[in-house]
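Heads up: the sequence lines are chains A and B, in that order.
Residues in the first sequence are numbered from 228 upward in steps of one, following this note's numbering.
Residues in the second sequence are numbered from 228 upward in steps of one, following this note's numbering.
The reader is advised that the hints may include incorrect statements.
Since the list can't tell identical chains apart, any single copy or any two copies may satisfy a pair.
Stated by the list, open to error - Quick list of in silico lysine to aspartate or glutamate cross-link-like pairs, DMTMM-like style, CA-CA up to 20 angstroms: (1) Lys603 - Glu637; (2) Lys336 - Asp324; (3) Lys582 - Glu313; (4) Lys348 - Glu565; (5) Lys469 - Glu433; (6) Lys279 - Asp563; (7) Lys279 - Glu565; (8) Lys596 - Glu544; (9) Lys559 - Asp286; (10) Lys289 - Asp324; (11) Lys582 - Glu314; (12) Lys348 - Glu585; (13) Lys279 - Glu585; (14) Lys348 - Glu313; (15) Lys359 - Glu328; (16) Lys519 - Asp445; (17) Lys429 - Glu487; (18) Lys348 - Glu314; (19) Lys348 - Asp583.
No lab work stands behind these hints, which were simulated from the structure alone.
Protein chains: 2
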Amino acid sequence: MSNKDISNIKTIDGGICAVKGVKAAGVRNGKYGIALILSENSYVAGAFTSNKITAAPVDHTKNTIKDGKISLIVANSGNANCFTGEEGIEDCKNIVDFSSELLKIQSGKIATASTGVVGRKMPMEIISPLIKKASKKLENSIKASQDAAKAIMTTDTIHKECAVQVTLQNNNIVNIGGICKGTGMIAPNMATMLCFIATDGKIKSENLKDSLKIAIEDSFNMLSVDGDESTNDTVLFFANSKSKNEIIDSNGEIDENFQEGLNFLCKKLAKQMAYDGEGATKFIEVNVIGAKTKNEGRLVAKSVVNSSLVKTAIFGEDPNWGRIVVAIGYSKAEIDPENISISLSANDDIVDLVKDGEILAYDGTFNLKKAENIMKNREIKIIIDLKQGFYSATTYGCDLSYDYVKINAEYTT
Amino acid sequence: MSNKDISNIKTIDGGICAVKGVKAAGVRNGKYGIALILSENSYVAGAFTSNKITAAPVDHTKNTIKDGKISLIVANSGNANCFTGEEGIEDCKNIVDFSSELLKIQSGKIATASTGVVGRKMPMEIISPLIKKASKKLENSIKASQDAAKAIMTTDTIHKECAVQVTLQNNNIVNIGGICKGTGMIAPNMATMLCFIATDGKIKSENLKDSLKIAIEDSFNMLSVDGDESTNDTVLFFANSKSKNEIIDSNGEIDENFQEGLNFLCKKLAKQMAYDGEGATKFIEVNVIGAKTKNEGRLVAKSVVNSSLVKTAIFGEDPNWGRIVVAIGYSKAEIDPENISISLSANDDIVDLVKDGEILAYDGTFNLKKAENIMKNREIKIIIDLKQGFYSATTYGCDLSYDYVKINAEYTT
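So here's chain A without its partners, still in its complex pose (with noise of 0.2 angstroms):
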């Protein structure tokens, strides 16, 4: 990943904790975390999962952020607290009721989401203590993001965090900091992935809404392991107004500085989870240009970087390029295979492998060698160009390794 800076936007460290106003805590017990993230009285926008399953937490996040403000994230890891019943709702309730008492905050403005085992009830006796514990640790700090982060991994392996800062169009100046876990069960639409996201822009729901939503088509939306789609994927995006710089412009429009370092910021944190997909060895990124929507272009990211048999390929650093025509043929999209080009690339580095619907591999100027080079980088990038148009769309993900099949097949009982 480029840690190059746009103009404008200056990656800064300190994670959520890098917006004023933020106060974090993370501490864990085995495989059982807690994340605690406080900001005072602040507008709110969420996203959650399309699973027509969905967490207690879920349920219980969409109804506490319907009146606009939370002031409180309470997370955990270790369990999803899904499929859990009348028990499950109970437990959450009771989960922001005792976090209520502790930091003498209104139940109401408190938000919970939960990530882990789905289909067991939640240990409240490990839970608890582990709120109480994580209370008394709230702070504005470096360290208290990362200890945040660290309290939602699952089978993560790293911790993920991003922070930058905007300078505005009128030269104001603001932060946007976030933390996320999500390694598994990542698809294409959200992933089961738990992100919180903060600003100390002036910014109400409504607009919050409407850039979150911007930012997590290209980023989130964009990204998978395993194509299979969570119960409990959440995203919360708050602001607090403590810079006091107003986000929205004199014509009511989002700025759009801000708009860019939110998704700066979103495919920051989304690279990071595909970094980190389980058992990844590579990390892959397809880029497909000349599509005639956006939505087909898409429709052909999503199949190519979705299919196992690409990801298995690039574990085994072949540049199979049968398997990615195979995949984009499947795609649904629109495409004409005379006009298909392929290339791969790594580290500055370029390859064609299809151009223009001919296989270059028996043309005299082919450098297989030059492509199984590439194949051995980490970060692999597909370059698909349909020649139907002039729409482009961008996925992240990662290769199929044997370690995805030991952590899923040794997971969990």
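Since chain A is already given, all that's left is putting chain B on it; use the hints.
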């Protein structure tokens, strides 16, 4: 797989050569193989991949069978002759012309099919001698059917064939026999499969087509190994009238027993493919009952059998109801979480995991040991009752193992 005969349907030996008037042959040279199937002047129907990129032999055979009759099938393994441009079409014609001259059969009555690596040119210097060799071995025998079935294998570990003798409603007898191959890139709809089915009944192309369509629906179209859909899928069903027994009854309808026999045969072949799924250690059957519509039942069954997380759990012998619930949830079917029941079954043993939305693991009567024992079997059945209506659907698949990754990371280049 039960070998129990359904009344009027008797499984018999001989594969495709159990059918009167059918000769077969198969030869191999390393990873390449040629199967020939000869059945003079037979009515024919076909079903092909819905991938938008189709192999040259698919295009060629679609065109050939338009006239409704074929005499010979030439199928090769080792190379898919797909994404091979003009030269691929030329190679396909050369195979037909070469076989035509050798066996004195009109070119217009020769169908072709290919399976193997996509995006590589046909090695005609290997293929032509194999055709010549096979042409000298054509015969109607148990061994000839087996040789043909073996010649089309790619990553298959066992050859696949089945034959049935059907007693029609008027007590006449006809035979149906088939061979097939396919282990990977097998997705609902269809599979990377080649399947050739013959009957000695009297039935014309139009009726053959209807009959095949019905049989495919609940067999090959409900089969999944890895969710990838091939460019080469081909099913050819042909009838040579050698038994002189009419399949169409006096009302112009397809004899019911004949249809049942064909359905039975196609399911048997589909199950053989799921058994032999790349790297498979377990055969999985998902039975969905109580669906609102047939289509909703299919959506749920396919979603569960395709889930990488369910597949790895089964590989790990973990009765993980949570992952089954998740896959039901994202199937897009109408469901009510509070009405779902899930059971596991193997070897006439059955254990309930979820009953009317309640996870039974927390019930004192739940027998985890029994569930774990069921998971140790080679054949596992997942039974899902949606309690939304009266439709049902069944899918066939397999687990996701280290060997799936190994086979696909190492295959080609």
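* Asked: What hints, given by number in increasing order, does this structure fail?
  -> none
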